[in-house]
Every structure is written in structure tokens, then in C-alpha cells.
Amino acid sequence: MSKATALIFGHNKYAHEIIANVKDKYAHVKVFSLHEEDLQESEIELELFDLSDEWVEMKQGVDMENSIAFCVLEDIAENIFLTISLRANFKDLTIIALASNSESANKLKMAGASKVIPLVETTSDIITNMLEKPIANKVLHSILYEESDLKIAQIKIGEGSHFKDEELSSIDWTRYNGIIVLSVMRKDKKSEFIYSSKAKRHIIEEGDILVVVGYETDIAEFENKIGSKRYVNWSHWSW
Amino acid sequence: MLKRWIINFAYYLDTSKSYQKRKRFFYNILEDDKNKYKKYIDIFMAILIFISVGVLIREVKHHVDDHLMFFSNYVISFIFLIEYLLRFWVSSSVSKIIVARAEHDTFLHREVNLYKAFRDVVKVKLAYMLSPMALIDLFAILPFYHELRLLRLFILFRVFKLFRYAKSLQTLSSVLATKKFEFLTLGIFAAVVIFISSVLIYVMEGNNPASPIDTLYEAIYWAIVTISTVGYGDMTPVTHEGRFVAMLVIIAGISVLAFTTSLFVSAFTEKLDEIREMKTIEDVSKLKKFYLICGYEHVAREVARKLSSHRNDIIVMDEDEQRVAQAKKDGFTTLHYNPGRIESYEKLGIDIEKQVKAILCLRENDIENVYAALTIRSINKEVFILSLLMSDANKKKMTFAGINLTVYPQELVGLITKELVGKPVAFEVIHELRSENADVKIDELGVTERIVEYFPTVGDLGNKDFRVVLLGIYKQSSDRFYFNPLDDMLLEVGDYLLVVGYQVFILEFEKYLHTKIKASNE
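The listed protein sequences derive, respectively, from chains A and B. Using the UniProt record's numbering, you'd call the opening residue of the first sequence number 1 and step up by one each time. Using the UniProt record's numbering, you'd call the opening residue of the second sequence number 1 and step up by one each time.
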């Protein structure tokens, strides 16, 4: 089950891109701006906020337990202040913050952001991959952003799954030729790559999440075979 | 009749491809620094010069082998003579001058005036012969004609010939040439001081029997030794007047010396950046494959660092002084040029087609990136250009400017958040595969003839033994990616295996694929 509300702090191009990409996934998308003039100019519905806000209104109007916040203010100091303010008021809120570089990313993490997107590093990673590993980059891009029929999915090992209590390395993954199991995320939230030496000794437990790549029909077939379901529940996801 | 024959012959030479090709060949190996054979000629000539000087030094007190003497006096001189004649030949084109004159006169309906043409030829050739370097070349050949001991010193002119062959010596002379006027002033000043000092000391001391300064020649010698502050002390004035002159000369000497030193220092300080730039351009021209990054801002800095950690050569070009300084500080070869000007690429003298892997326009300003891209496209149509896009409204303009690929950070953020909120675990896995610091990597392994020979099908690869996941195969022949291929799929030369695994395992697997021949031979 997805979270109910997306709270986007900042009114800029990043905010617009985020709105376009996440609006289908949330029941409500609320966009906040620091500047009053944005309210008149913007084509989308905006709400005003200021950094000294006590968040009382927000607490009353939004189910914060079931929300996700995107901090994309252009001024990095303001973005950090916003993040720290949100974290101080809402302990369990998932906060995704945008950082210009790794230095500000560290500060945002310290301020309590659940996930930070360092813009310069991410962009340069993409550019380097495009140049150095063009094929891999193209394939990963199409898998990740669903530009091809190939999909990536996360499948949770359920109570009835017949993989439960088996050793990871003892399973012949080749029987599921249609899909490739890339990694397993254990209950302690540590992701292990499927063929790593550590993962070899791992016993599959209920609640483990398998990350698989494959075509939609094959993934569905795989789910049926192992008796598990696709997993997207945010409430169990900790950064 | 003779006139017609000369004009026809000049036209023939001017249009003869084989003649012009030969002339260009000799011009390139003698004068063009970019010619790959020139450095061998330079080294060969420098060796000959050192042999000549070595023989000269040895000859002073020892007997030199007759063969070596013959080699030094005749063979080397003969080689220098040939070089001199070749340089004389390629310095200008006689046929071109005659043809130009003939065309000019014909156009004006006049009879061709060969006298004027020959006058131009003599003028041009004489100008070359009287140039300092040509004179040095000529003097360097002289020992060939004279066996007189004094004339052997002309061999030392061969040392001056080193200016032709050593780039740094050329730089030195070019630096000094920039201060021609100042050096001329200094020369006149020094000459006046020497002349006045010599005359004064001669007048004061010449008639004194106790003074060692007896002739004007000795007076000049004393003046130069004193002005230069060397002061051997072998000749000292004995009269009060003479000593007074000596004090004046010493003071004047200090000023001449100070002037000289400051002149050298300022000449080199002013030219230092230019010398460094010349060295950078020279280094760049030697690179085989590199990425050219136009603009050095935040993203460019990070991209340069990442590409360089993958052992790529990086050249940064920016017009902003601060950004150039930052790039230099970060250890990159940096050119302080405007990426949007053709002149910048001409100065660089690089072969974009052969030397440049890709050009990255990474200014955080769309206008600058489009401008740079258009400039590059006007020089080369093929080179791969990637650009940062700061506003999606400019995407079409970028494509129109010939940019092959644009990276729009805002869009990336949107896509990332979409994945982050939808499949956080999957996103982290893919992100880890892409990240440069992660242990688990995705890699592309090219399929070579050797690999095809020993691993004809996917099933033969044995990647599972190396704990490497074969995500799929990219087939160049069909430009298609085959995900999770079946064991019986045939491998072809030019295919790429897309593998995922710990970096060490991938390296081991790759090594295994390439060493299979050895293993099977054993």
C-alpha cells in the first residue's frame, strides 16, 4: 500500500518533475512555497509556509504518519533548516531531500533526511556511466524507468512461500529462467547481492525481499511459483 | 624562347603533384614540429653536432683518429650542406613567384617581365640567407672548406644549430626576442659606458709607465672586466685620476648588471604563462584518446574526477580564470580558451576525429553549451557531444545544434523519486550497481574472436562458477539486448556480455575468458 499524501516543499523545476512522476502514486499531492508571489503565478495549487512554522496546521490537516515529504528548496541552508524542522516535529515521517553536492548531502542526513539525492553526484554518475558503460547504462535505465518490457520488482517472501527456511545458495535459480534474482534484502534491512559469498550462507526467512529483473509475465509466474507477493509497503521500509 | 621555356617550366613545377609532394615532405621533416619524423631528424642532427664539438675538444691535446676527423670535417659538413640546401629550397617557392608574375602581367595584357620575377626571387632567397639561423647554418659548414686552425672554431657555430633542434632553446630565444628593444637599449647603454670608461682610463693611465694599462685594447679589456664586476685584478689603475675613473666605472657597472638581470627576469615572467601553455598544447597533441570537457563547474568537476579515476585522459577547456585555476588545482590538463570559439580548437591543433573520445559541454548554462556545441559541429560533424541541459525548453535547440545526448538533472530527480517511492529496495540495488564506490558492479565485457572460439555458446561461459550474473547479451549485429539468454545462444564477435557481480569476481571471470587458450594448450 502506498502512502496517502506527498508533501512537496519548494516551487521550482525539481518540484514540477517530482509532481509529474509521483502524482499517480498518491491520493493527495500538496505543494508548498516560501514565496507569496508564487501563489499568483503558479498554475498548480500552492500553499504558503514559512520556516518558523509550528506545523500545527499541518498536523491537523494531514495524516503525517502516512505521508512522504520532498524537500527541494533551492537555498541549501533553507532546505536543511526545513528538514531538521520536519524531523523534529514528525519522528516517523519519510523525508526525501535534494542536495546540491555531497557536502550538503551529509548535512541533510545529519538533519534527519531519510534519503538524500545529491544532485551533482547523481548527474555526474549518470554522465560517466553513459560514456563508460553505454550499454549497461541503457539497459539499467530502461529497466529502472520502465521504458522497456523488462521490469525490476521486489518480492517479499511470505509465510507460505516454499523458499522459506531454505539456504539461498541451495536454490537453483536457473529453474526460473525467465527472471534473474539480483539481490536479497534481509529482515535486518541489509541488502545482499545474490551471488556474494556472504549471501551464500544466508537462510531465506519470512519477510526477506528478493529483487528480481524480468519480463512482467515471468515475474508474475515467479510470484505464483514461490507463493510470494510484490512488495511496496512504505510502512515497513526504513532508510 | 628561353623565357617561354622558363615560364612553362615554372608552371610545370607549380602544378606537378609529385614535385610539390616531395617539397612538402622535406619542408615537414625540417620545419613542421607536428611531423612525426622531425624529432628523429632533430636527434640525428644534434648527435652530429655533439660529435663535431667532441672532436674539436679532443683535437686540442690529443691525436684524433683520421677516420673520425674525416667524418667530422667532411661527412658531417656534407650532411649540413645538404640540410642547408634543402632549407634554402623549401624556404620559398621560385616557381610560385614566376607564375604569380606571369599571371599578373598576362592579366594586365603586358609582356611577362622575368627580370622583376627574378628580382623578387633574389630578394626572398637573400632574405632567407641573411636570417640569423641561415647564417649559423652556413658558418657551420665552413670547416668543410678550410683547414685553418682559427676557422675550425666555426665548428662552434654548429652548437648554435642546436637552436633549430631543441624546442626549449627555441623557447628561450623567442622569449628574449620579445624584449628586442630593451636589449638594444641595454646594448647601447653598455657600449657607451664601456667606450667612455675605456677612453677615460686610457687618457688617465696610458702615459704612466707604472700603469699596466698601456694600449686602448688593454683599456677596453679593463673596462669590460670592471663593469661586469668580475674584476680579475690583473690590471689596476695606479694614478689617483685612474682610481677615480675606476670608482665611476664600478658604479656604472652595477647599474648595467641590474638592468640586464631585471630585463631577463621580466622577459621570462611575462612569458611564463605562454611557455606553460605551449607545453600544455604540446602534451595534448601527444594524447591518443581523451575526453574534452568544455566548462568547469560543479557537475563538470565531478565528471572529470570520475572519468579520470577510470584511467581516462581529460582535457578541460574554460574561459573563466577562476574555473581554470580550479581545474588546474584538481590536477587536470587545462586550457584557458573559450570553448565557443573556433580559434581555440585551431590553436590546440588536435585531430578531433582521431584524438577525442567525446566532447562534454558541461557549463551550467544552456546558451554557452549550445554555442560551444555549434562551434565544435562547424569543425567536426562526427564527434560525440554530450551536454548538460538546464531548462527543458531548450532541448530542441540542443538537438538542432548537433548535440548527441543531453542530460537534464531536473528530469533525473523526477525519475529517481518515482522509483524511490515505488520500489525503494530495487532502486537501491540499481543505484548500488551504478555507484562508483560500491563493491558490486555492472560491467560490459566485449566478446572477442578468442572468446567465441573457446566459448561458442552462453552455456560454455561458466559465469556461475565465478559468482557472476549474466544479465544479458547485447548483440551489435541486431542492436538488441537479449535479457537472461538461454544456454544454447551463440556468441558472436562484437557482442557485449552484461555481467553483474563483485568487482573482483568480474575481473577473475574476465581473466578466465581471455586466458582460456593458454589453459586448453596446456
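Honestly, the hints are just simulated from the structure, not real lab data. Honestly, I wouldn't trust all of these hints.
In the BS3-like style, the derived pairs of lysine-lysine whose C-alpha atoms are separated by at most 27 Å in a straight line are [stated by the list, open to error]:
hint : chain 1 : residue 1 : chain 2 : residue 2
1    : B       : K381      : A       : K138
2    : A       : K133      : B       : K347
3    : A       : K30       : A       : K13
4    : B       : K279      : B       : K328
5    : B       : K357      : A       : K138
6    : B       : K279      : A       : K138
7    : B       : K36       : A       : K133
8    : B       : K395      : A       : K13
9    : B       : K36       : B       : K511
10   : B       : K396      : A       : K13
11   : B       : K306      : A       : K133
Hints violated by the structure (numbers, ascending): Per hint list: 2, 6, 7 and 9 violated.
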